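There are 2 protein chains.
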Amino acid sequence: MKKDISPAVINRLPRYYRYLGDLKEHDVVRISSRELSERMHVTASQIRQDLNNFGGFGQQGYGYNVATLQEEIGKILGLDRSYNLVIVGSGNLGQALANYTDFERRGFFVRALFDKDEKKVGKVVRGIKVLPIDELEKYLKENKVDIAALAIPRTDAPSVASVLTNNGVKAIWNFAHTDLHVPNGVFVQNVHLIEGLMQLSYKLTNDGADEE
Amino acid sequence: MKKDISPAVINRLPRYYRYLGDLKEHDVVRISSRELSERMHVTASQIRQDLNNFGGFGQQGYGYNVATLQEEIGKILGLDRSYNLVIVGSGNLGQALANYTDFERRGFFVRALFDKDEKKVGKVVRGIKVLPIDELEKYLKENKVDIAALAIPRTDAPSVASVLTNNGVKAIWNFAHTDLHVPNGVFVQNVHLIEGLMQLSYKLTNDGADEE
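Chains as they are written, first to last, in numbering that gives the first Met the number 0: chain Z, 0 to 211; chain P, 0 to 211.
Rather than coming from a laboratory, the hints here were simulated on the basis of the structure. Check before you lean on any hint, since a few could be wrong.
What the hints assert, rightly or not - Stretch-level coverage of chain Z by chain P, calculated; a stretch enters the list once three of its residues show a Cβ under 8 Å from a Cβ in chain P:
#: 1; segment: 5-15
#: 2; segment: 43-54
#: 3; segment: 96-109
#: 4; segment: 196-202
Note that the structure is predicted; figures quoted are calculated from it, not measured. Glycine included, each C-beta is placed from N, C-alpha and C at the ideal position.
Same shape as in the complex, but just chain Z (with noise of 0.2 Å):
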């Protein structure tokens, strides 16, 4: 595997993945870098670049196979696989994010609901059972979780994000707003959704200074 790809270029390819996947669905076999660039609004020689980091994928003159890019993207952001999702909070975030068909789509399965709510606990969420979390660590011990989802006030956070490290989650996707502190080799992806809305603030207040 790549060790040297900027995070940059990561960040790019789940965007690309879109695009081709929108072109398939299209009926559009191949693409030029200068048709796909118009249409993401980037330059071609980006997408030229972006691409080179993983050999490639082009023809010259010829462009690129929508389906073959698109599979070889998303091989390289790993979605060849599935993962096994748990959610912790079944509040309207929570059930958001349980309700989302498309993660699925993707191989992303949620597997469990967790609250310490009790009048939570026990509801099912498209046929996934709120489960108490007192009962979170034996659940990690018996089934295998890729990805655990906090969705839960930012004081609760570093406690179950302890107990997840601990019993083997790599990767939280952590929506309370806070910064977890995890060991080495555990990947935390943050939405902090106020600090989007404080973007939006400043774009506002400061008008047009930052027009990308």
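Dock chain P against the given chain Z, drawing on the hints supplied.
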């Protein structure tokens, strides 16, 4: 207003704001860039550089006044005023957004929800009524809306975005998994949830390749 601040610096400001808020809550009055850097796991020189973009705020040897610095960063982020939000889409995600009381604490007030589903129209989420999507345009003409969150399927997003931007909305917080093409002067903040999962699957697949 500063016109030359790099997007990377702007992206870090909400995190400074959050850490300073936590310190304030713990009654910390002053902090050196070294102490702040240890808490935030960034270098002290990055902190100084970032803040120097805005004139510094620190006094050599005395560190930063926590409350003043937070307030100043808040002003830069535009948090010294309030914003009217509408949420289009009142499913789980739309409701989750409407239920975040943290947003209000920072000046982001959800004023209305909209949905195309008649069964959802008329419901009330935390005192906020769900209105029919057909009334969105009329609502925008009669009320000042600063930011609109799109918690709707990707196929519906472009037409709703047009209604929004044609009626003066300058900021869109887009949870629909598609890129919106908006007029100049309109800001879009994308939250493509599945792309976060793909970042995690990439990291799990390329174990340790990209640790930051």
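Do the hints match the structure? See the list:
1. 5-15: Check passed, 6 qualifying residues.
2. 43-54: It is violated: at least three residues are needed, and the segment 43-54 of chain Z offers just 0 whose Cβ sits closer than 8 Å to chain P.
3. 96-109: It holds, with 8 qualifying residues against the three required.
4. 196-202: Three-residue rule met by the segment 196-202 of chain Z, so holds; n is 7.
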